[in-house]
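J.: Chains A and B, in that order, give the protein sequences. Here the first sequence stands for residues 29 to 465, where the numbers follow our numbering. Here the second sequence stands for residues 29 to 465, where the numbers follow our numbering.
No lab work stands behind these hints: they were computed from the structure. Treat the hints with caution; some may be incorrect.
[Unchecked claim] With a cut-off of at most 30 Å between alpha-carbon atoms, the simulated DSS-like pairs for lysine-lysine come out as follows:
| no. | chain 1 | residue 1 | chain 2 | residue 2 |
| --- | --- | --- | --- | --- |
| 1 | A | 219 | A | 369 |
| 2 | A | 160 | B | 160 |
| 3 | A | 219 | B | 104 |
| 4 | B | 55 | A | 219 |
| 5 | A | 104 | A | 55 |
| 6 | B | 219 | A | 55 |
| 7 | B | 219 | A | 104 |
| 8 | B | 219 | A | 219 |
| 9 | A | 60 | B | 219 |
[Unchecked claim] Pulled a few chain A residues facing chain B out of the computed Cβ check, cut under 7 Å:
| no. | residue |
| --- | --- |
| 10 | 90 |
| 11 | 93 |
| 12 | 103 |
| 13 | 146 |
| 14 | 177 |
| 15 | 227 |
| 16 | 229 |
| 17 | 369 |
| 18 | 450 |
| 19 | 451 |
| 20 | 452 |
| 21 | 453 |
We treat Cβ as the ideally placed atom computed from N, Cα and C, and that holds for glycine.
2 protein chains.
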Amino acid sequence: MLQHLRGMNTHRVVIVGGGFAGLYAAKSFRSKDVSITIVDRRNFHLFQPLLYQVATGALSPGEIASPLRYVLRNRKEISVVLGEVTDIDPAARKLVLADGSQIAYDSLLIATGATHSYFAHPEWAQHAPGLKTVEDATEIRARILLAFERAETAATDEERRAHLTFAIVGGGPTGVEVAGALAEISRDTLKHDFRNIDTASARICLIEGSPRLLHAFDPASSAAAERQLRSLGVEIHTGSTVTAIDADGVSFQHEGAETRVNAKTVIWAAGVQASPLGKLLAERTGVSLDRAGRVIVEPDLSLPGHREILVAGDLASGSTNGKPWPGVAPTAMQHGAYAAKLIVNRLRDRTTAPFRYWNKGSLATIGRNKAVAEVGSFRFSGIFAWLAWLLIHIFYIIEFENRMLIVFQWAYDYFTFNRGARLITGPDAQHQAKPHS
Amino acid sequence: MLQHLRGMNTHRVVIVGGGFAGLYAAKSFRSKDVSITIVDRRNFHLFQPLLYQVATGALSPGEIASPLRYVLRNRKEISVVLGEVTDIDPAARKLVLADGSQIAYDSLLIATGATHSYFAHPEWAQHAPGLKTVEDATEIRARILLAFERAETAATDEERRAHLTFAIVGGGPTGVEVAGALAEISRDTLKHDFRNIDTASARICLIEGSPRLLHAFDPASSAAAERQLRSLGVEIHTGSTVTAIDADGVSFQHEGAETRVNAKTVIWAAGVQASPLGKLLAERTGVSLDRAGRVIVEPDLSLPGHREILVAGDLASGSTNGKPWPGVAPTAMQHGAYAAKLIVNRLRDRTTAPFRYWNKGSLATIGRNKAVAEVGSFRFSGIFAWLAWLLIHIFYIIEFENRMLIVFQWAYDYFTFNRGARLITGPDAQHQAKPHS
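Model the full structure from these sequences, guided by the hints.
T.: Written out as structure tokens, the structure reads:
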């Protein structure tokens with residue numbers, strides 16, 4: 029086991045997952061009494077709030093991801109292990125990795141987040157990719173760009189219309205961001221690039237099951253978001269339940285009536301499902317899961333009966349003052365910092381007050397100069413909300429890796445309407461030109 | 029056919045391939061008498077001289093690639109078609125694409141370049157990826173980074189050594205660049221990132237069949253390159269013929285003696301083979317190919333018997349003053365500009381002098397502050413050659429897309445020894461942590 033290489037006197041903290049929760053936990057430890065191992069399947073921390081910018085060609089994957097080892101290079105007490113956890117043995121207090129190796133822990137923090145859920149329709153996945161990983165983002169980017177390419181050489185008007193129609197399922201922050209970015213791409217970025225089509229005629233449909241977009245926000249913010257999206261030409265279908273997705277489009281029901289949208293590109297921004305490690309934890313410790321598969325934790329993020337195991341971030345289910353923790357980056361960061369404090373306090377026989385989520389506010393960006401923001405009871409939208417979004421993201425990104433470059437990239441793209449990372453890449457990209465699907 | 033959308037009075041030029049030759053040809057036309065269609069399998073022009081920087085984590089693919097449509101957006105007489113040419117009909121003067129569509133031409137320029145060749149050993153490809161496409165580069169990047177990850181968790185010293193050994197086959201400019209970058213990664217970039225291994229102990233072997241590295245350069249430059257690589261700790265094996273490559277390493281013969289290097293990472297930077305369109309042209313027009321499959325063209329780049337078909341760039345074989353044209357970007361750019369001039373001159377019944385390659389000089393970079401340069405009979409190496417390399421590449425990249433950002437990225441990385449794009453991505457990357465190969 030890896031820890032044999034180090035002294036056995038320190039308290040061994042093992043963190044699974046290098047997302048916002050896991051990474052903030054690791055960075056928050058400031059004690060010489062602990063050794064920390066962070067295990068992730070990927071070698072990088074992904075700045076997920078900007079993933080839609082990769083999917084829409086504004087940024088490259090390398091610009092929103094930082095190698096975990098690099099972020100933690102100066103913290104000699106922290107080890108990074110690239111590996112996939114396949115089992116947990118709470119009695120022996122150890123993890124089993126896919127390569128058969130084991131890692132022993134004294135305290136364990138599981139923060140493996142969530143993935144997208146197609147509810148009971150796994151067959152939709154191939155037609156409507158979701159947006160959780162770097163590979164998802166480059167796949168969606170390729171589909172969007174190929175749609176315009178195929179429209180350019182389409183043989184019939186009908187085919188051309190289908191290639192120029194984009195359906196986004198899910199009207200939460202991701203769906204709203206993708207719809208806004210697609211509008212910007214078709215109206216501005218690609219305006220001069222094609223000869224046979226008018227990219228600005230692209231139809232962008234945003235389909236949401238609940239009665240309004242951004243349903244976690246205040247109704248006034250939802251209305252502002254809808255107004256801003258409509259001004260960009262986005263077609264909004266709220267209260268609409270998707271009934272079918274195939275290679276040629278999407279069908280949905282609205283007040284009993286069935287609508288069909290012929291769209292060659294469908295993007296999934298709807299359901300969220302907890303990481304499978306939640307189910308594994310339930311099997312091994314008897315802990316309960318909520319409907320989305322998240323682990324129902326104690327007020328201090330620990331498991332009942334296994335207080336040495338904590339769960340943080342999107343995988344943890346709980347509430348503050350009766351309000352469930354939202355599945356957003358600030359929750360994960362606060363969870364991570366709390367978990368680190370709790371573990372150190374326990375070592376020093378200090379008690380720790382229950383975790384309390386501090387809602388700093390909510391932001392959703394819609395496109396160039398457009399966003400909605402809520403801070404306490406204060407609500408605003410438009411360019412000031414967009415500037416707030418920009419500043420907050422610049423602030424967090426700089427904290428991570430001195431990524432001033434991203435600021436230049438944004439400034440450059442803002443003034444030129446450009447999106448430089450418009451590459452069709454991937455395993456099949458060298459022959460993707462072949463079959464007209 | 030696409031051209032039906034335009035008038036039939038203009039001379040239809042079709043260019044196959046959006047590399048340096050094809051793109052420079054398209055950009056060089058300044059005549060209203062021609063309409064231009066550029067066909068490529070990929071939607072972007074790739075700045076191939078910097079591809080090794082993607083393979084070694086310094087740049088992201090989006091930073092060295094520009095969408096062809098974007099580069100040509102303001103040239104309304106140029107159409108871009110994403111497609112793969114599968115047949116040529118010289119009698120009917122038309123191309124057939126993989127999707128079955130056809131494109132008619134009056135003048136045709138084929139500039140589809142070259143790919144790597146494993147000589148008579150296609151089975152080596154899986155163990156020793158080459159470096160020609162964006163996907164090749166991200167695959168090599170993943171292999172290099174995974175090698176360090178696996179060394180970190182290796183069970184035995186022998187296994188650790190094998191993961192920390194890198195073999196590069198081919199001592200031309202690409203092999204030299206990759207070897208230098210690998211030395212920099214292991215000695216500087218990753219120095220503080222791991223806890224169980226000393227990355228600086230990585231063994232880097234550069235294997236070349238001919239008696240010296242950079243054999244297209246002057247012997248003095250080869251000696252300088254070898255000296256600079258040795259100062260970085262690179263092991264050089266010249267006059268060494270590779271006899272076997274498998275999952276565990278590479279074997280080669282030197283003066284009759286067989287040597288085995290146990291290396292989990294082998295990178296192929298050796299043989300070059302012309303694009304398969306060369307063979308297709310030979311079958312359809314009877315033109316001769318050289319040993320590497322390149323098309324032997326007339327002094328004006330045209331085909332004997334089919335003067336309306338021109339070949340440019342790495343796919344064209346010819347010589348100036350008895351010296352064969354080297355397979356480098358400047359040759360391709362000069363070919364492209366010449367082809368455009370020739371076609372316009374023909375339309376105006378003007379004659380054009382045969383193509384003459386103008387050797388502006390040769391450059392190969394070796395790493396931080398290290399390079400060799402030859403301009404005419406003048407040779408220099410070290411930091412001045414490296415600065416020359418840097419300036420020339422910055423100049424060309426800026427010409428393409430105002431990519432000032434790459435300059436900031438380089439400056440930032442130079443002073444921090446960082447390489448920000450160190451991502452393990454790809455179709456299997458989410459589970460690549462699993463099998464210890």
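J.: Next step is simple, just say for each hint if it's right about the structure.
T.: Verification of the supplied hints:
1. Simply put, residue 219/A and residue 369/A have alpha-carbon atoms about 52 Å apart, too far for the 30 Å limit, and the pair is violated.
2. A distance of roughly 29 Å separates the Cα atoms of residue 160/A and residue 160/B; the hinted pair therefore holds under the 30 Å criterion.
3. For the suggested pair residue 219/A and residue 104/B, the alpha carbons sit about 12 Å apart, so the restraint of at most 30 Å is met.
4. Distance hint between residue 55/B and residue 219/A is fulfilled; the C-alpha atoms sit about 20 Å from each other, no more than 30 Å.
5. As the CA atoms of residue 104/A and residue 55/A are separated by approximately 12 Å, the hinted pair is consistent with the 30 Å bound.
6. With a C-alpha separation of about 20 Å, the suggested pair residue 219/B and residue 55/A falls inside the 30 Å cut-off, and the hint holds.
7. Only pairs whose Cα atoms come within 30 Å are accepted, and residue 219/B paired with residue 104/A is accepted, the gap being roughly 12 Å.
8. With a C-alpha separation of about 46 Å, the suggested pairing of residue 219/B with residue 219/A is violated against the 30 Å cut-off.
9. Taken as a hint, the residue 60/A and residue 219/B pair is honoured in the structure, with Cα atoms around 23 Å apart against an allowance of 30 Å.
10. With its C-beta approaching chain B no nearer than about 3 Å, residue 90/A sits inside the 7 Å limit, and its interface hint holds.
11. Nearest Cβ of chain B to the Cβ of residue 93/A: about 5 Å, under the 7 Å cut. The hint holds.
12. A least Cβ separation of about 10 Å between residue 103/A and chain B goes past the 7 Å threshold, and the interface hint is therefore violated.
13. Annotation: interface hint on residue 146/A violated; nearest CB of chain B at approximately 18 Å, more than 7 Å.
14. About 4 Å separates the beta-carbon of residue 177/A from the nearest beta-carbon of chain B, less than 7 Å, and the hint is met.
15. For the restraint placing residue 227/A at the interface with chain B, the shortest Cβ-Cβ distance is roughly 10 Å, beyond the 7 Å limit, so the hint is violated.
16. A hinted interface residue such as residue 229/A counts as satisfied when its beta carbon comes closer than 7 Å to some beta carbon of chain B; here the least separation is about 17 Å, so the hint is violated.
17. Annotation: residue 369/A was flagged as interfacial toward chain B, and the flag is violated, the nearest CB pair being 24 Å apart, outside 7 Å.
18. At its closest, the beta carbon of residue 450/A sits 5 Å from a beta carbon of chain B; the interface hint therefore holds under the 7 Å criterion.
19. With its C-beta approaching chain B no nearer than about 5 Å, residue 451/A sits inside the 7 Å limit, and its interface hint holds.
20. At its closest, the beta carbon of residue 452/A sits 5 Å from a beta carbon of chain B; the interface hint therefore holds under the 7 Å criterion.
21. Hint on residue 453/A holds. Least Cβ distance to chain B is approximately 5 Å, under the 7 Å limit.
In summary, the numbered hints that this structure violates are 1, 8, 12, 13, 15, 16 and 17.
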